[in-house]
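According to the UniProt record's numbering, the sequence shown is numbered sequentially starting from 1.
In short, the hints are calculated from the structure, not lab data. Virtual Cβ for every residue (Gly too), placed ideally from N, Cα, C. Treat the hints with caution; some may be incorrect.
Label pairs and their in silico Cβ distance ranges [unchecked claim]:
id : residue 1 : residue 2 : range
1  : V151      : G391      : 15 to 25 Å
2  : G153      : R34       : 20 to 30 Å
3  : E287      : A191      : 17 to 27 Å
4  : A353      : F270      : 40 to 50 Å
5  : R367      : L312      : 38 to 48 Å
6  : R34       : G216      : 49 to 59 Å
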Amino acid sequence: MPAKRRVAQLVMLALAVLIVMGAYANVGLAVDGRVPAGMLAYGLGLGGIMLVAYLVLAKFAPWADPLILPLVTLINGLGLVMIYRLESAKMPGASAANQIMWTGLGVVMFAATLVVLRDHRMLQRLTYTAGAIGLVLLAIPALLPGSLSEVQGAKIWIRIGGFSIQPGEFAKLALVVFFAGYLVAKRDVLALAGRRLLFIDLPRARDLGPVLATWGLSLLVLVFEKDLGTSLLLFGTFIAMIYIATQRTSWVLIGLLLFVGGAYLAGLAFSHVGDRFEIWLNPGSSEFYDREIGGSYQIMQGLFGFGAGGILGTGLGQGHPELIPLSFSDFIFAATGEELGLTGLMALLMLYALLVERGLRTSLAARDPFSKLLSGGLAFLLAWQVFIIVGGVTNLIPLTGLVTPFMSQGGSALLANWILIALLVRTSDAARRPPPQAIQNEGLTQVFQR
Numbered sequence: 001m002p003a004k005r006r007v008a009q010l011v012m013l014a015l016a017v018l019i020v021m022g023a024y025a026n027v028g029l030a031v032d033g034r035v036p037a038g039m040l041a042y043g044l045g046l047g048g049i050m051l052v053a054y055l056v057l058a059k060f061a062p063w064a065d066p067l068i069l070p071l072v073t074l075i076n077g078l079g080l081v082m083i084y085r086l087e088s089a090k091m092p093g094a095s096a097a098n099q100i101m102w103t104g105l106g107v108v109m110f111a112a113t114l115v116v117l118r119d120h121r122m123l124q125r126l127t128y129t130a131g132a133i134g135l136v137l138l139a140i141p142a143l144l145p146g147s148l149s150e151v152q153g154a155k156i157w158i159r160i161g162g163f164s165i166q167p168g169e170f171a172k173l174a175l176v177v178f179f180a181g182y183l184v185a186k187r188d189v190l191a192l193a194g195r196r197l198l199f200i201d202l203p204r205a206r207d208l209g210p211v212l213a214t215w216g217l218s219l220l221v222l223v224f225e226k227d228l229g230t231s232l233l234l235f236g237t238f239i240a241m242i243y244i245a246t247q248r249t250s251w252v253l254i255g256l257l258l259f260v261g262g263a264y265l266a267g268l269a270f271s272h273v274g275d276r277f278e279i280w281l282n283p284g285s286s287e288f289y290d291r292e293i294g295g296s297y298q299i300m301q302g303l304f305g306f307g308a309g310g311i312l313g314t315g316l317g318q319g320h321p322e323l324i325p326l327s328f329s330d331f332i333f334a335a336t337g338e339e340l341g342l343t344g345l346m347a348l349l350m351l352y353a354l355l356v357e358r359g360l361r362t363s364l365a366a367r368d369p370f371s372k373l374l375s376g377g378l379a380f381l382l383a384w385q386v387f388i389i390v391g392g393v394t395n396l397i398p399l400t401g402l403v404t405p406f407m408s409q410g411g412s413a414l415l416a417n418w419i420l421i422a423l424l425v426r427t428s429d430a431a432r433r434p435p436p437q438a439i440q441n442e443g444l445t446q447v448f449q450r
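With these hints in hand, go ahead and build the complete structure from the sequences.
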């Protein structure tokens, strides 16, 4: 049975690579009037990288969901195409060669995670270790001088010489492991009801400690690292996981009230937080649009790009996404919207939705509480990140500085997201793997049929 699924997965993987190569050729034909000279090498490189991922998955996680890897391959490949498009438009900083190198390293991390982590449940024994690692990774940039950690106002980097990394991208994975292990141990206590308000059973006051602690951590990240994205990402993920663990809506309402109240107070107390909300509410104001650093010029250019793309887009290679600042990283979604239009963006969001759905399906199929919480938390983390970046770029919510998973140029986020996929694949393999007795019976049936 797994052999049939693996063949189907290989076919879908090949189709994903062919779609990417077709888009790559489209860019070359639109820009230069000919197929790009390095198209064959590019296709062989991407195909070879994904073939390695497929072989490792088939060997070490044969029962895993067959859709996950093809979906990630297609999204990652489309990101490579858009970065190549921006590089061909002489966009400073865009480099498809660097991104395919990071993709290769991401697949190495994916493979290493599957090879080393044969049973994800061992992570439950490292619950508090993972929590400590996550907190340290979050704190390091705040403790470093600005010259080593600050880029465009946000202190989220470690920069030494020509090397730079965002430790927060890996901290979120460690903290999801911690949240899952902690909530397995404490979910019965957190599920107890206190007083009833209208139609909602509120938790007991003594049980608010974990939510208040996570809320305080998110505010510290917001204030001292000036990173609204990571702050919102971590707190939202914890609230989602506590809801999965307890099935109580009251935790969601409390979390929403805490974050909105905390963000409002932080906006009043700290100018950089208040400016972020002012720009969100008045992006067209000349006061913010003409500001050199931290203004609304980037947001408005992204919105102009969406408008220029319309329903069907200008076509790959036929727009001007290079006019959007950082369109190869933070605003790659806007660049994609200009050239593929609303139709292309809906198709892209559908790919993300399918990927998240496979993660949630894994959570439902998992046989133990830790696996349910871990896979559900990872799936929500991915969905929440997509919502935050898409909402920020479209000005639905304040711009946060997060990047589009698997599409935006950069190493830290791509490596972390490939590790996230490896964890999902590992939990999916465990959830779908039949009990040993069932496998033995199936083997005996095949013998007798012969």
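Going through the hints against the structure:
V151 and G391 have their C-beta atoms about 22 Å apart, which keeps the hinted 15 to 25 Å range intact. Range check, G153 to R34: about 42 Å between beta-carbon atoms, so the 20 to 30 Å window is missed. Between E287 and A191 the beta carbons are some 49 Å apart, a value that contradicts the proposed interval 17 to 27 Å. A hinted range of 40 to 50 Å for the beta carbons of A353 and F270 is inconsistent with their spacing of about 35 Å.
Range check, R367 to L312: Cβ separation about 46 Å, and the 38 to 48 Å hint holds. The hint said 49 to 59 Å for the Cβ distance between R34 and G216, and at roughly 57 Å that hint holds.
Of the hints listed earlier, those the structure fails to meet are numbers 2, 3 and 4, in rising order.
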